[in-house]
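Protein chains in written order, with this note's numbering: chain V, 2 to 270; chain L, 2 to 270.
Please keep in mind that the hints were generated in silico from the structure rather than gathered at the bench.
One should not assume that every hint holds.
Which copy is meant is left open, because identical chains are indistinguishable; a pair holds if it fits in one copy or across any two.
The calculated BS3-like cross-link candidates involving lysine-lysine, where the alpha carbons are at most 27 Å apart (straight line), are [stated by the list, open to error]: (1) Lys266 x Lys241; (2) Lys266 x Lys57; (3) Lys96 x Lys266; (4) Lys9 x Lys19; (5) Lys148 x Lys127; (6) Lys9 x Lys57; (7) Lys35 x Lys9; (8) Lys19 x Lys78; (9) Lys57 x Lys96; (10) Lys214 x Lys143.
Each chain, letter by letter, is given below.
Number of protein chains: 2
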Amino acid sequence: MEEWYGEKQTNDVMLSFKASKLLYSGKSKYQDIKIIENETYGRILLLDGTIQLTEKDEFIYHEVLAHIPLMSLNDPKKVLIIGGGDGGLAREVLKHNVTNVDLVEIDEQVVNLSKNYLPFVSSSFKDQRVKVHIKDGAEFVKSKKGKYDVILIDSTDPVGAASVLFTSEFYKNAKNLLKVNGILGSQTGSPFMFPEHFKMAYENMKIYFKTLKVYTAPIPTYPGTIWSFTFATNGDLKRKRSRNFRTLFYNEEYHDNNINPEFLKDLIH
Amino acid sequence: MEEWYGEKQTNDVMLSFKASKLLYSGKSKYQDIKIIENETYGRILLLDGTIQLTEKDEFIYHEVLAHIPLMSLNDPKKVLIIGGGDGGLAREVLKHNVTNVDLVEIDEQVVNLSKNYLPFVSSSFKDQRVKVHIKDGAEFVKSKKGKYDVILIDSTDPVGAASVLFTSEFYKNAKNLLKVNGILGSQTGSPFMFPEHFKMAYENMKIYFKTLKVYTAPIPTYPGTIWSFTFATNGDLKRKRSRNFRTLFYNEEYHDNNINPEFLKDLIH
Chain V
2 MEEWYGEKQT
12 NDVMLSFKAS
22 KLLYSGKSKY
32 QDIKIIENET
42 YGRILLLDGT
52 IQLTEKDEFI
62 YHEVLAHIPL
72 MSLNDPKKVL
82 IIGGGDGGLA
92 REVLKHNVTN
102 VDLVEIDEQV
112 VNLSKNYLPF
122 VSSSFKDQRV
132 KVHIKDGAEF
142 VKSKKGKYDV
152 ILIDSTDPVG
162 AASVLFTSEF
172 YKNAKNLLKV
182 NGILGSQTGS
192 PFMFPEHFKM
202 AYENMKIYFK
212 TLKVYTAPIP
222 TYPGTIWSFT
232 FATNGDLKRK
242 RSRNFRTLFY
252 NEEYHDNNIN
262 PEFLKDLIH
Chain L
2 MEEWYGEKQT
12 NDVMLSFKAS
22 KLLYSGKSKY
32 QDIKIIENET
42 YGRILLLDGT
52 IQLTEKDEFI
62 YHEVLAHIPL
72 MSLNDPKKVL
82 IIGGGDGGLA
92 REVLKHNVTN
102 VDLVEIDEQV
112 VNLSKNYLPF
122 VSSSFKDQRV
132 KVHIKDGAEF
142 VKSKKGKYDV
152 ILIDSTDPVG
162 AASVLFTSEF
172 YKNAKNLLKV
182 NGILGSQTGS
192 PFMFPEHFKM
202 AYENMKIYFK
212 TLKVYTAPIP
222 TYPGTIWSFT
232 FATNGDLKRK
242 RSRNFRTLFY
252 NEEYHDNNIN
262 PEFLKDLIH
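All chains should be modelled from the sequences, with the hints used to inform the complete structure.
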């Protein structure tokens, strides 16, 4: 029997995948978790029926969110990741000469299942520089004292549980954890499909940071596919170095020319 | 009863839309044609079950394919469109100070149905500068003598009937119809999902033209969504003018900085 799994991107649009294997299906304390295998997209992680990543296209999201901020600093050492329990963002962060990556994931099951089923991202957990904290990210940034070069928000979308990670209070706490010229980076949803989510995050970030830049990238398996990543700092976001590692999406031209489509410019003016 | 219509993007990936209305369903001499209405994406044209355009995202495809070549010429006058029977590409072409647009569409039904159901694109057919030829595009470029500033290929993908529009013979005939520094532009599929289609078109174009540039743009409702547009000329593709019209995707920065993701560079080296 053919088993199809899909995400209702809106009430009336759906992207679905035929599973050649259902690798895992269960419920954690926080959410419904499924991991399937699909011939076109490889292994796919779904949380509460929403696609978190696919093996074929995850590189785009993870490269943009990691490398824009890290390449904007000469010598970043300490990085905080909020969310990112699959390990993919940490994998990209570790391509830099960093010394500490604190990864704060609320759902231990996501970390454990990724270790079991998604080695292409979770390989990063084997690196001694990565410390996983099973905690609520919003609480973590309130209590923590240490200073980070970069803080990255790799969360589900700003509806439901993760919405606290897009509030002005969260950004204020995050700012207090950053070094003076540190950089905050967050996925900020699809400005094409959900412009109101994007605008809310952007406006809230703007309260605490002088310089904001939005990069867009296509994420084929996300709703609307035109995805935004917003970076905020009181320093700058100019590229300081060239890659000494391989990427499949990010490159120096993409970093240096922060090109936004016209409709996005209209949203942030 | 809920009616969903979808495109199988590959054997095991499907994008589907709930129709709030089925506006048209029928068969022409060449293909199965459906036009549905969807609350998220507006009106959607499907040919043989493949999404040709949606009201919400068609601007991206049409703007890139029209404005890159036309803005690369000081004073383009004559334009040939192969395919494009919905009128959307002609709409963008008419934003320039052109005098003649020959549009060669094989399927008269597509033109007629677009006039009835898709006014946001087919409005261009009311313009006196547009002449519609109901003909086979591959035959048209063999027989025709007149010289064009720009030739644009707005076809279905290079499988089945449209594959002739991606052959070296077709590009040779198209070149003979271009003025010395004229520009050929074609959609060349998704280099992310179907790299072999893209490479075939690119390699065939390279035989007859000195300068090729690939632009990518996200088309949320197309398979793989990372779409390529290849432009070829024996002149150059530098932008010659600034817009005196509004766009929602294309802008001068996008044109001037021809940024390709790393994986695409690997395909064309």
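Against the structure, the hints come out as follows:
1. Lys266 x Lys241: both (25 Å within a copy, 23 Å between copies)
2. Lys266 x Lys57: Answer is between: at 18 Å across copies they meet the 27 Å cutoff, but 30 Å inside does not.
3. Lys96 x Lys266: Answer is between: at 21 Å across copies they meet the 27 Å cutoff, but 32 Å inside does not.
4. Lys9 x Lys19: both (15 Å within a copy, 11 Å between copies)
5. Lys148 x Lys127: within (24 Å within a copy, 63 Å between copies)
6. Lys9 x Lys57: Answer is both: 20 Å inside a copy and 18 Å across each meet the 27 Å cutoff.
7. Lys35 x Lys9: both (15 Å within a copy, 22 Å between copies)
8. Lys19 x Lys78: For Lys19 and Lys78, neither the intra-copy (42 Å) nor the inter-copy (49 Å) Cα distance is at most 27 Å.
9. Lys57 x Lys96: within (20 Å within a copy, 38 Å between copies)
10. Lys214 x Lys143: Answer is within; shortest intra-copy Cα gap is 25 Å, inter-copy 49 Å.
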